[in-house]
Amino acid sequence: MQEEKQEKLPIDAELLSDAIVELNISRRSIGLYPPDHPVIKESIARAFDYLQRLFELRVEITLGVAMDSLVVDENTINKKNPFLKEFARILHNRGIAAIKFHLGLTKDELIRFHELLTMRELIAGSALVDYATSRNIRHIILIPIDFAGFRFVEGAAKADTKVDTIWQDYVSNLLLGRLSDDEEDVISSIPPEELAGLINASMPETTETTAYDSVIKVYLKKKKEPGLSTEAFNKFFSLMFSLKPELRKNFMSKAIEHADLKSSDVEKLLRRTTPANLQKMVKLFTENSAMLQGTFKGLLDKLASIKTDTEFNFDLYDQNSAIVHDIEIGEDIKKLFDVDNFKIYVSESYQQELQKMLESSPESRVEIEDLRKECRDEVIDRAALGALLELFETDFISTEDTQRLVNRVLELTDIFIETCRFREILQICDTLSSPALKQKLGDDTSGMIEAFFTSEKFINEFISSLRLWGRKDRDSAFGLATVLGAKVIDPLLDALIEEADASIRKFLLSMLVSLGSEIIPYVAKRLNDDQWYIVRNMLYLLRECDGKSHIAVVRKFTKDKNLIIRVEALKTLLHFRTNDSVSYLESYLQSENETLRRGAVRLAGIYRITEVTPHLIKLLEKKDLFGAEAFYKHDIVRVLGEIGDTRAIAPLMKICKAKALFYRDNLQRLKVEIFKSLGGYPNEAIKPLVEFGLKSRNKQINAISEQLMDKNHEFSGRRGN
15 MQEEKQEKLP IDAELLSDAI VELNISRRSI GLYPPDHPVI KESIARAFDY
65 LQRLFELRVE ITLGVAMDSL VVDENTINKK NPFLKEFARI LHNRGIAAIK
115 FHLGLTKDEL IRFHELLTMR ELIAGSALVD YATSRNIRHI ILIPIDFAGF
165 RFVEGAAKAD TKVDTIWQDY VSNLLLGRLS DDEEDVISSI PPEELAGLIN
215 ASMPETTETT AYDSVIKVYL KKKKEPGLST EAFNKFFSLM FSLKPELRKN
265 FMSKAIEHAD LKSSDVEKLL RRTTPANLQK MVKLFTENSA MLQGTFKGLL
315 DKLASIKTDT EFNFDLYDQN SAIVHDIEIG EDIKKLFDVD NFKIYVSESY
365 QQELQKMLES SPESRVEIED LRKECRDEVI DRAALGALLE LFETDFISTE
415 DTQRLVNRVL ELTDIFIETC RFREILQICD TLSSPALKQK LGDDTSGMIE
465 AFFTSEKFIN EFISSLRLWG RKDRDSAFGL ATVLGAKVID PLLDALIEEA
515 DASIRKFLLS MLVSLGSEII PYVAKRLNDD QWYIVRNMLY LLRECDGKSH
565 IAVVRKFTKD KNLIIRVEAL KTLLHFRTND SVSYLESYLQ SENETLRRGA
615 VRLAGIYRIT EVTPHLIKLL EKKDLFGAEA FYKHDIVRVL GEIGDTRAIA
665 PLMKICKAKA LFYRDNLQRL KVEIFKSLGG YPNEAIKPLV EFGLKSRNKQ
715 INAISEQLMD KNHEFSGRRG N
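Residue numbers for the sequence shown follow the working numbering, beginning at 15 and rising by one.
Quick caveat, the hints were computed from the structure, so don't treat them as lab data.
Heads up, a few of these hints could be off.
[Unchecked claim] List of simulated lysine-lysine pairs, DSS-like, C-alpha gap at most 27 angstroms:
1. K486 <-> K539
2. K94 <-> K471
3. K709 <-> K673
4. K725 <-> K671
5. K231 <-> K297
6. K690 <-> K725
7. K709 <-> K671
8. K99 <-> K55
9. K114 <-> K99
10. K637 <-> K690
11. K454 <-> K486
12. K636 <-> K671
13. K297 <-> K258
14. K637 <-> K668
15. K671 <-> K713
16. K539 <-> K520
17. K486 <-> K452
18. K520 <-> K562
[As the list claims (entries may be wrong)] Have a look at the derived ranges for each label pair, beta carbon to beta carbon:
19. E70 <-> R126: 18 to 26 angstroms
20. K94 <-> L117: 28 to 36 angstroms
21. G461 <-> K94: 31 to 39 angstroms
22. K632 <-> N712: 25 to 33 angstroms
23. D504 <-> E635: 48 to 56 angstroms
24. N712 <-> G530: 46 to 54 angstroms
25. E513 <-> D227: 48 to 56 angstroms
26. K570 <-> R661: 31 to 39 angstroms
27. K452 <-> E70: 42 to 50 angstroms
28. Y677 <-> S478: 51 to 59 angstroms
A virtual CB, placed ideally from N, CA and C, is assigned to each residue, including glycine.
All chains should be built: construct the whole structure from the sequences, respecting the hints.
Given below as structure tokens:
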């Protein structure tokens, strides 16, 4: 009997939230430190203490697991808290639909429970429940997601069913009447508004009546609870308000048909129902008044006395006194609320003062906005971090207190890495790595800090955060990568290989380049990869990070079967100005393969290799009987302009004076390209071409020549004659 009373007490939401946060922190600690480490003992003790305080309110605490949210009673617990979201995701990914903590729980059971969640073997669902039983975890009950029970089409369940659709699966099975009592408890833990959304999406208006009965049973016909509780009554009506109109009408019809309510029960329910919900009930019953009968007809008559406007009539139950939340209000107090008596008790001057208070000036709105900015979570976290880090510099705190500070700072680091706060993490690393603090902390604590920041878990979370938000704060992200050093190089290279988004790949490449020559040994190991794009990226990194010591390996790729790799290898040789780089370039320019020739032409311009000017001129003068190489020749003209070798002027003039019987448009476009490229040559060398262009009938060539004339004073003097 005592247990029943305790079970009905309201849960302390803040206390519950703190308990789950500590549970998640202790779970993380077990994943990082040995079982007998002081950090684990302290973390488990805090979590255990919170749970014991909750057991004073209830002998059993049931948490529903909905994706990345936790639900208790009908409420979702603080969705914005990252610790709560992580704890929910961990349980959800392990195939757990709900979890129950019972009075009698021990610290050893908590440790074994966390070991269950952190073990590498991917055991989930019923297998995890069986494993928990074998580990003698008796006071933590796991309710698994029963995937085997889901059947939406004839035959077996789909093999590719994902955990992300589990609530839809539950609702579908609910509508088919296939859930057990325990699974119905899980359904009742979903907020009514969310359940209504799932029903709206899953339930056609032509659904059989048994589906309505299944939903009504969850709220109004529970076997374990005699009578109808206020909580269930309010949740059912919240569900009704959120349904589509036609579904709402059908549900109301079925609920009225099967409801067995006494007038006394209705009276009790209404006394505990909020005014806002009463107003909604009036609207709902009025819309469906034609189907009301018996007790529900009397209920509508009682509710009819409630005004549907913004005022609330206190005379709901008794004409002589009003009852709101069990507070009795007499006639003399009721008169205070009359509109006619308002001016008697509130003077006109006071009303004006109230009005001024309600009206906010633009200046005050700006101040409020500034206050909101200063109260954001990230600002508060940053201030808290600053205060904690300053404490390390003081001399009055004990070694034990310093250890606690380290633990707290590492807990904050976990939060910051999840929310991509690289600047704060870099600040933590700089403080904890200072020689003075290392000496103060001792070898054990310093070793623990190093193990935390170099752990596989932290590095993986860092890489995941980089891919999401690293580009938002590049400087801090690069700084943190530099601090982590060699530990982060291989994971970064793996992330680069796996990444499909080109912009993120570019960011990861720039981060690797920022680490400098330290990455060269790791890059060189990956040059033998079978995938061409990996080899291309490794050649780029060798080039950008001064990997000249591996030039012999690079030279082998100049004859690779993949043309892109061959061009990238040649680019690397040209970058390091090797003795044989020009000979390879000349060879590529004479190749029969167009892709190889184009790549070589482009590289000649990038590195301004004057030695290959004759080869480029030869390609430019090559006869093009079918006009197929027009655009290719445009590339050559542009590259010659980038090199700026005066040996190209005479061949260019020859082309400008040439006439064509066929492909005249191609020739004209090539002439325009020649004049666009003249800015790369010495002024004296291009005089003949500019003078020729001033006489051209081609307006574009004429305009370019005019511009070149205006930029060059020598030309201007000649122009005036």
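Evaluated hints:
| no. | hint | verdict |
| --- | --- | --- |
| 1 | K486 <-> K539 | 31 angstroms, violated |
| 2 | K94 <-> K471 | 23 angstroms, holds |
| 3 | K709 <-> K673 | 16 angstroms, holds |
| 4 | K725 <-> K671 | 24 angstroms, holds |
| 5 | K231 <-> K297 | 24 angstroms, holds |
| 6 | K690 <-> K725 | 14 angstroms, holds |
| 7 | K709 <-> K671 | 12 angstroms, holds |
| 8 | K99 <-> K55 | 24 angstroms, holds |
| 9 | K114 <-> K99 | 18 angstroms, holds |
| 10 | K637 <-> K690 | 22 angstroms, holds |
| 11 | K454 <-> K486 | 35 angstroms, violated |
| 12 | K636 <-> K671 | 16 angstroms, holds |
| 13 | K297 <-> K258 | 15 angstroms, holds |
| 14 | K637 <-> K668 | 13 angstroms, holds |
| 15 | K671 <-> K713 | 16 angstroms, holds |
| 16 | K539 <-> K520 | 21 angstroms, holds |
| 17 | K486 <-> K452 | 32 angstroms, violated |
| 18 | K520 <-> K562 | 22 angstroms, holds |
| 19 | E70 <-> R126: 18 to 26 angstroms | 24 angstroms, holds |
| 20 | K94 <-> L117: 28 to 36 angstroms | 30 angstroms, holds |
| 21 | G461 <-> K94: 31 to 39 angstroms | 35 angstroms, holds |
| 22 | K632 <-> N712: 25 to 33 angstroms | 26 angstroms, holds |
| 23 | D504 <-> E635: 48 to 56 angstroms | 51 angstroms, holds |
| 24 | N712 <-> G530: 46 to 54 angstroms | 51 angstroms, holds |
| 25 | E513 <-> D227: 48 to 56 angstroms | 51 angstroms, holds |
| 26 | K570 <-> R661: 31 to 39 angstroms | 34 angstroms, holds |
| 27 | K452 <-> E70: 42 to 50 angstroms | 44 angstroms, holds |
| 28 | Y677 <-> S478: 51 to 59 angstroms | 55 angstroms, holds |
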